[in-house]
Every structure is written in structure tokens, then in C-alpha cells.
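> Read off the chains here:
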Amino acid sequence: MTGNIAFLGYGLAAIGPGIGVGLIFAAYINGVARQPESRGMLQTIAFTGFALTEALAILGLVFAFIFR
Amino acid sequence: MSPTVLSSLSTHLLSGALPAADGGGGTSFVSPGVSDFFWPLIGGDSNWAFTRPSAVLLISVGILGWFFIAATRKLTVVPGKRQFLVEQVYGFVRNTIAKDVIGTKDFQRFLPLLFTLFTMVLVNNLFGIIPLVQFPTMSRIAFPIVLTLVVYVVYHVVGLKAKGGVIPYIKSMVPPGLPGWVIPLMFVLELATYFVIRPVTLALRLFGNMFAGHLLLLVFIVGGEYLLLHGGNIGLGAAGIASGLFSIVMTFFELLVEFLQAFVFTILAALYLADAVSEEH
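Protein chains in written order, with this note's numbering: chain A, 1 to 68; chain B, 69 to 349.
It is possible that some hints are incorrect.
What the hints assert, rightly or not - Which residues of chain B face chain A? A partial, calculated answer using Cβ under 10 Å: (1) V169; (2) T172; (3) D174; (4) I209; (5) I213; (6) T269.
If you're looking for bench data, these hints aren't it; they were derived computationally from the structure. Beta carbons: idealized from backbone N, C-alpha and C, even for Gly.
Given only the sequences and the hints, what does the whole structure look like? Please build it.
Here it is, written out as C-alpha cells:
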């Protein structure tokens, strides 16, 4: 079996951002369920947080291709 | 050298020739990789080659230009189908992205930029799954870098103008009301955020999502085709069919990601602009 161990590393690196994105959307759903009229404001904040957390996973993906 | 599945597939797609027969099961599978994203059409391997993403970008510019001019030439009070679509997209960018993030005072100035960014990224992303085109332009790093460069220059220039000079602009990066010993630390962090981290992540996020998504589809489709035709036994053939079916599911997932990334790119651009024009902080 041949391959590149960097991608195994990427798989491990994606765990953190995965949990983070889950927490962000859990909080967003909670917020909207409690106060449906705040949806517009929360949406922006949730997606900003999502984008910032996701950046970590994307960095991992790019580094997996660079460091090989 | 025996032709690999992928190269035979690509020559088949490019020249219209039949893939070379390779004897069934004799060839080794070559997994799709970075090299599958370089498709020179004219100009061979040189740096100035006219590539497939460039062609897709030109097509998208043509489509967007034609569509928006045609749809807004005769504006009516009761909108037609086209005008309705344009109004929906414009309303989304105006209200959800620009107004909510930048605020009612300044958002009008940046609306053209944000609307162009959103439609541009969205159409180019959607080309990733539209049959016959099927290449997300943003999966080549150069295209997100150029878009990010536009945003980068605009938010720095706007920030310099709003704060009135280089020194107040740099000063405004550090949030007020911090204890004295934290300020140097925060200053370094904020400087890195403004000048390095923001542009790099903005470009890499769009690139990474499009690249990974396209690669995922390639793996399922090319791998499924290989298992089905060269797998050698019935179990692997069934796995190939399942992989092909799953690629359809992933295509719909890609549709979601493409919308989301266009939205996220524009909302982050708006957020950086809002940071630049805001009085406090």
C-alpha cells in the first residue's frame, strides 16, 4: 500500500474544525429557536464564525498538498 | 507505457478519440490529483497558456454581462421572470449581506462591488457542476487571489480614507480600553490579522472548498468507473455502481457548498469593509 501520510494528518486536523462548526450551528439553532425574530442578525454572526472556523480545516487541506 | 484510466479519459474528452483498450484489469489505478486541474487549451505547458478555467471565466463574464443588461433594459413595475430573478439576487445581497453587516449609513457605496463579487463567485462556482462545463474556476488558486486582491486593496484604501491617514488607521486597529501591557501584543496580532491572515484565509477558503469538492467528485466518478470496468469481479463492479450513484448525491452537496461559499466570500468582504469604515475600534 502506497500513499502520502500528510493526508492522514489532514484527516486528524479536520476533527477540530468539525467539532467547532458543529458547536457554532448548534448555538445558532438554539438562538433562533428561542428568539425567531433574531434570525437575521444571528445568521450573519453564525456564518462569520463558521467561515473563521472552517479556515483551519482549509489550511490543513492546503498544507497536506504542500508538505509532501 | 500503458495509458492510465485518467489520461485515457482526458484524451477521450479532449480529442473525442475512444479510450485506448487496456486489456481489462491490467492497468493500475491512478488517483486523481492536483495535475487534473491544469487543462491548457491553447499554448501548451507555458505560463501564458489559455487554460480551461480562463475559458470558463470568460464565459461567465459574458453570461453575467448579457443577462444583467438584458434583464434590466426594460424595467417594469410588475417584474417579468428575468427581472424578478435579478431583483431577488440583488435584494439578497443588498439586505442580507450589505445592509446587515456594513450598516445603513455606508452600505450603498459598496453595493456594486459586493454584488459583482457575489454573482461572479456564484456563477463560477456553479460551473463546477453544470454539465459540459464542469470546472469550478476557483479551484485554480490564481482566480481567488485576484478577487481577494480587489477586496484587500479596497478595504485598506477605504480604511485609510475613513480614519484619515496612516497613523490613525494603524492606531484604530487596536481596540480601545485595554491595559497597557496588552497593547503591544494586540498590536502585533491585529497587524498580522489585517495584512496577512485576512487575505490569505479569504483566498484559501474559496480555493480550498472548490478544489476539495471537485476532487471529491473526481474520486467518486473516476474511481467508480475504474471499479466498474476494470474491477474484475462482481463485488467490485457493484461497488463501482454505488460509487457512481453516490457521486450524484455529492453533486447536490456541492451545489449547497457552492452557494454557501459565494455567500461566505461576500459576507466576509462586507465584514472587512465594515471594519474599515466603522468609527469605533
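> All the hints need checking, so say for each whether the structure fits it.
Now for the hints, and whether the structure bears them out:
no.: 1; hint: V169; verdict: holds (6 Å)
no.: 2; hint: T172; verdict: violated (14 Å)
no.: 3; hint: D174; verdict: violated (16 Å)
no.: 4; hint: I209; verdict: holds (9 Å)
no.: 5; hint: I213; verdict: violated (13 Å)
no.: 6; hint: T269; verdict: holds (4 Å)
Of the numbered hints listed earlier, those contradicted by the structure are 2, 3 and 5.
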